[in-house]
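Keeping the supplied structure of chain A fixed, place chain B upon it in accordance with the hints.
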Amino acid sequence: MQYRSLLLKLLSAAIVFGAWEIAGRIPVSYAFPTFLESMQALVRLTLDGTMFKAYAETLKPLVLGVAISAVLGIGLGLWIGLSQRFEWLFSPIFIVMQAAPLAALIPLLVMAYGIGLTSKVFVVCIMAMPVIVLNTASAVRNTPVSLKEMGRSFLAGDSAIIYKIVIPAASPVIFSGLRLGISAGFIGAILAELKITPTGVGDIISYSRSVADYPSMYAAIFSIILLAVLFLNLLERLENVLFEGNNRGYASD
Amino acid sequence: MVMPQIKPAAAVPPVAAPLDSAVSVRNVSKNYGKVEALKDLSLEFPRGELTSLLGPSGCGKTTLLKIIGGLLEPTAGEIEVNGKMVTGPGPDRAFVFQDFALLPWASVIRNVAFGLELRGVPRSEREAIAEKYIRNVGLSGFERSYPHELSGGMRQRVGLARALSVDSQVLLLDEPFSAVDEQNRRKFQEDLLALVRNENKTFIFVTHSIEEAVYVSDQIAILLPRPSRVSEVIRPSGFREKDVENIRRDPEYLDIVDQIWSSLRTYAE
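Taken in order, these protein sequences are the chains called A and B. In short: position in the first sequence from 1, add 220, done, that's the working numbering. In short: position in the second sequence from 1, add 41, done, that's the working numbering.
So here's chain A without its partners, still in its complex pose (with noise of 0.2 Å):
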């Protein structure tokens, strides 16, 4: 079983490759490079030190951004899913967020805080953090009554109801939101390289197509998107470890 879904997954990133080869040949436009080009480029950029030089700088804001992003995020939402009030206050500021075009609202951010590392935090932090927020607000609202009730007849303290019913029991969804999340989180931090100031992988993409070396670019947006899908499934493992029962299916009624 685990050994046909590895198959399964190679399989299908043959075919997008494939794909994207025959499109790169063809070609598609001008500006669009074959996949073996592309995989040169990034191998070229690796070993020169390219690559690691704007990773350097491009994860700053990321993990800074995601980590604010998670941590905050689960705690709001935990406060707004638990308590009415906290809903009516705060839901609609992440709805909002969560709506806003971005993009327009860069040119904003970087008058109040500047072009460094704060803007692009930020920029980071309102793509990632409404859907942990609502994410983790909807599961905790939506625990099932009748497994708190139990709880509490149970003896269980107020604490006690939210650690071993409430976060377990919400744990699918907020963990579902955190991948949305960190994936929002990823484009947030290249789209800040791109519109605030270029650096890191955003300079390479934004240098790479000024002189139209579209193998370095696609290169770069390869590596993102690779790393990103890297540590969607290291977010999995971590789910894994901390919520055993999850992978196991749910009882429905």
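Calculated from the structure, these hints are not laboratory results. Just so it is clear, the structure is predicted and the values come from calculations on it, not from any experiment.
Label-pair restraints from in silico Cβ distances:
#1 Val461(A) with Ala220(B): 32 to 40 Å
#2 Ser181(B) with Val461(A): 24 to 32 Å
#3 Val316(A) with Tyr73(B): 31 to 39 Å
#4 Ile315(A) with Glu77(B): 33 to 41 Å
Computed cross-link-like contacts, DMTMM-like style, restricted to lysine to aspartate or glutamate with a CA-CA straight-line distance of at most 20 Å:
#5 Lys384(A) with Glu168(B)
#6 Lys368(A) with Glu114(B)
#7 Lys368(A) with Asp140(B)
#8 Lys384(A) with Asp140(B)
#9 Lys228(B) with Asp291(B)
All residues carry an ideal CB built from backbone N, CA and C; glycine is no exception.
Here is chain B on its own, set in the frame of chain A:
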């Protein structure tokens, strides 16, 4: 509509309780806003016996059970369990839920031991106790299974084992078999009779099934709705000592079922 006359022979007035009561409900009322769910309800639950709360849906039997369990607060009146006033959930009462209320992420043994876990009993100790009750309810070998791998009947056995493992004197069962298929329900009812006989506990059993109530109960309280009150208390006496297989053929069993049906039929929709 004419209220059917109830034969007074088997009916005992609700207040006359010569037996030792484990649970006393006195003048309990419960209002939800303007809706009166329970009105001035009094009832005694004899120790070591099974009392059913029987009535049409919406008659407040689950509300009464949750008030006894301390999960809901009554608007007026008081509950006493073993002479102590109920102010909330307590170690003297354990609940079995209609929808099982099992933790889907936890194995059978953790679910059964969950009540003890919440009380801070050390792991090895609580798992030893849980194992014993898992055996008692006939789930040996499923300790490491998860709820979604079990049938409805088996899930409720887990719920029952969890309630038994905290060793409360009073067990509160809220329509425990309504989500269980018919064959398993019958098996459960037989097991419940054995449990009442062997464990020296007081059982309060909510059901909407007349046959089920008459089959398992030492005492049946019939609740009528809008607002709820105890309309009569029936104590089947003749067939309780008989073999479980013969109860459903017993004339007294059939008479009581008929009698209850005739008093409840006006409330059927």
